[in-house]
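**Q** So the chains spell out like this:
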Amino acid sequence: MIYLEIEAILGALILGSTLVVQTRSYIRPMINTVVTQSVLLAVTATVIGVTTDAPDLIVLAALIVVLRGILIRHFLDLKLPKSKMFVKESSHGVASVSIYSVIVLIFSFLLYRYLFFQITQAPLGAIGFSMVVQGLLLIATRRNSFAHFIGYVEEENGIIFMSLTIIPLPFIVEISVLLDVLALIIVGTGLVTENVEHPRIEELMG
Amino acid sequence: MNFIILLLISVPSFLSLGYFLKQFRQIAVISASISLALSVYILVSGLELSGDFLVDYLSRFFIIAIASIYLLSVVFGLGYHHRMGESRNMRLHLSLMDLFASSMFFSITVNNFGLLWFGIEATTVSSTLLLVIEREPLKIEVAWRYVIIVSAGLTISLLSVVVMYYNFHTLTISSLLSSHVAYSELTAIAAGTALVGYGTKIGLFPMHTWLPDAHSEAPSEISAMFSGVLLPVAIYALYRVYEVTASPAITNLFIFFGITTIIYSALMLPSQRYYKRMFAYSTMENMGLILLGFTIGGIALTGAMILLVTHAFGKGAAFYSSGNILEKYESKKIADIHGLKERMPYTSVALIMSSLAVTGAPPFGTFLGEFLILAGLYAGGYLLIVALVVASLLVAFASINFHVSRMVFSGNEGKISEPSGSQVAVALSASSITLLIPFLFLIYGVI
Numbered sequence: 000m001i002y003l004e005i006e007a008i009l010g011a012l013i014l015g016s017t018l019v020v021q022t023r024s025y026i027r028p029m030i031n032t033v034v035t036q037s038v039l040l041a042v043t044a045t046v047i048g049v050t051t052d053a054p055d056l057i058v059l060a061a062l063i064v065v066l067r068g069i070l071i072r073h074f075l076d077l078k079l080p081k082s083k084m085f086v087k088e089s090s091h092g093v094a095s096v097s098i099y100s101v102i103v104l105i106f107s108f109l110l111y112r113y114l115f116f117q118i119t120q121a122p123l124g125a126i127g128f129s130m131v132v133q134g135l136l137l138i139a140t141r142r143n144s145f146a147h148f149i150g151y152v153e154e155e156n157g158i159i160f161m162s163l164t165i166i167p168l169p170f171i172v173e174i175s176v177l178l179d180v181l182a183l184i185i186v187g188t189g190l191v192t193e194n195v196e197h198p199r200i201e202e203l204m205g
Numbered sequence: 000m001n002f003i004i005l006l007l008i009s010v011p012s013f014l015s016l017g018y019f020l021k022q023f024r025q026i027a028v029i030s031a032s033i034s035l036a037l038s039v040y041i042l043v044s045g046l047e048l049s050g051d052f053l054v055d056y057l058s059r060f061f062i063i064a065i066a067s068i069y070l071l072s073v074v075f076g077l078g079y080h081h082r083m084g085e086s087r088n089m090r091l092h093l094s095l096m097d098l099f100a101s102s103m104f105f106s107i108t109v110n111n112f113g114l115l116w117f118g119i120e121a122t123t124v125s126s127t128l129l130l131v132i133e134r135e136p137l138k139i140e141v142a143w144r145y146v147i148i149v150s151a152g153l154t155i156s157l158l159s160v161v162v163m164y165y166n167f168h169t170l171t172i173s174s175l176l177s178s179h180v181a182y183s184e185l186t187a188i189a190a191g192t193a194l195v196g197y198g199t200k201i202g203l204f205p206m207h208t209w210l211p212d213a214h215s216e217a218p219s220e221i222s223a224m225f226s227g228v229l230l231p232v233a234i235y236a237l238y239r240v241y242e243v244t245a246s247p248a249i250t251n252l253f254i255f256f257g258i259t260t261i262i263y264s265a266l267m268l269p270s271q272r273y274y275k276r277m278f279a280y281s282t283m284e285n286m287g288l289i290l291l292g293f294t295i296g297g298i299a300l301t302g303a304m305i306l307l308v309t310h311a312f313g314k315g316a317a318f319y320s321s322g323n324i325l326e327k328y329e330s331k332k333i334a335d336i337h338g339l340k341e342r343m344p345y346t347s348v349a350l351i352m353s354s355l356a357v358t359g360a361p362p363f364g365t366f367l368g369e370f371l372i373l374a375g376l377y378a379g380g381y382l383l384i385v386a387l388v389v390a391s392l393l394v395a396f397a398s399i400n401f402h403v404s405r406m407v408f409s410g411n412e413g414k415i416s417e418p419s420g421s422q423v424a425v426a427l428s429a430s431s432i433t434l435l436i437p438f439l440f441l442i443y444g445v446i
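Listed in order, the protein sequences are those of chains L and S.
Note that the first sequence covers residues 0 to 205 in numbering that gives the first Met the number 0.
Note that the second sequence covers residues 0 to 446 in numbering that gives the first Met the number 0.
Worth flagging that the hints you see were computed from the coordinates, not collected in a lab.
We put the beta carbon where it would ideally sit given N, CA and C, even for glycine.
Ranges of calculated distance between the beta carbons of each label pair, as one might list FRET restraints:
(1) S:86 to L:202: 22 to 28 Å
(2) L:97 to S:401: 47 to 53 Å
(3) L:73 to S:182: 44 to 50 Å
Going by beta-carbon spacing under 10 Å, a handful of chain S positions derived as facing chain L:
(4) 111
(5) 125
(6) 144
(7) 146
(8) 157
(9) 267
(10) 270
(11) 273
Extracted from the complex, chain L is given alone in its bound form (with noise of 0.2 Å):
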């Protein structure tokens, strides 16, 4: 019983991470957070694996601190320019940012009741649905490379997430994503150029 506790107060702690990642403004301090997530889904991961002796897990923990925890710290923190800790956002309202992340909770919570717990009976699950929906929100109202990246990495912990807590994937299948992902973050690390932010282009329009 107290192993669900654990787990759920951890799902908590993932959740406030999804909800101060659409809060922040400013890029190092968001890398910082979605790290933090990774590695309270990797402990996470470590706790669902030892209450269902399930080792496979415990080295997907080990995995994600490594992939997602350093690797995926370290290529972000190659594109970022030398004054790092000041690289802002320059179109973001907080306020406003902060409402819309609500209400998007909300209404992914909902959906979740709706289409999944009936069938699932897994509550925490509603966790990682709402942080795939936080993940596409943060992709869909930013500019910045770096604010993509972050969306997309916390879309997938949402996925590994919601599996670990309905149904946890064969192995294989979880270290392909973990691998993907970091592959697509090496991959886009390269096309992240000075000018981070991305505007409307007049010949892409149409």
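Use these hints to put chain S onto chain L, whose structure you have.
**A** Using the frame of chain L, we list chain S on its own:
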């Protein structure tokens, strides 16, 4: 027989190491040629597998289409990028083309929904840098949009994998296909999330926003691979999910997305100012049609297969011709292109043939494919859908062929000659193959 599929996937992967060798160009051609030879063997031998890999009549046609467009694109790319010489970018470009083809072969043959998702995502990883061989700011922006929109969308289809695993406790495609799964709310959720996720990669409206940008700015041989085979590979993934989860409600949902994509692209086509972008919208229209064919099944499924294979070559030829025009005119604007008939006679023939092919004119294979899809829809009682599809096809046909005719027949100023022989040969041969495909299907005994 798994060995053949292992070879098919691993040969391009292994030969992508040609990056490190001086003969990297020849190695890329060898890799694509071996893949084509293997795919011909797979098709002719009627290979069937359902172990680690899944190969059936459907995947065999996808494999041959991928291998053919892969070879044509490599040959075209060698001419198209000749100015890049032996640069690092050129080596990387050819190596990534090998990896891109390999990831598509993997996706088409793997017998697991989780790994199928991984394969589709791997096609995104391997193809993103193919868009930016020239490192221009606009192309980097387009590649960024492609990788973020497609990856964010595909994550939703991973939700479908989770739901399927929860419901069936297996992700093996062949097991699920043979077990005749009963409809439940979970199968509906799996199909819906797969539709949104893979639909983003296919370019279904309204998740299509990356598609016109990527197709118009990619190098022409990559546009051909995207349009001709990458999007069909994503349709294959969606169809496998549909096969397992089909129900009347899901069928209607798929038809809705298919028809809205066709109508939207038909509405966008008349106002296009850039020829590559115009062909990108035409791809959307064809993908919508193919989705309809797969969804209805029966004779429409046969039509969708014919359309898929013919479209691969037809759209390939359209983009190869576009590449030739872009190389010589240095403009993507339709209004800037005049007198192609006199200046680039062979390319203009390829362009006209390919534009007729992709708009479903007889006697091209696309006409037969579209006819069979419409017949399937009619037989299924979808009369309103038939009317909407026919109207959209007419608008698309008129728009594309009007724009192409203007480019080919109007004016004749200045001196411009054809590009290298290999580029012209690739464009002409791809457009000619579209005429032969119905006969090939007849010979193969599908019809």
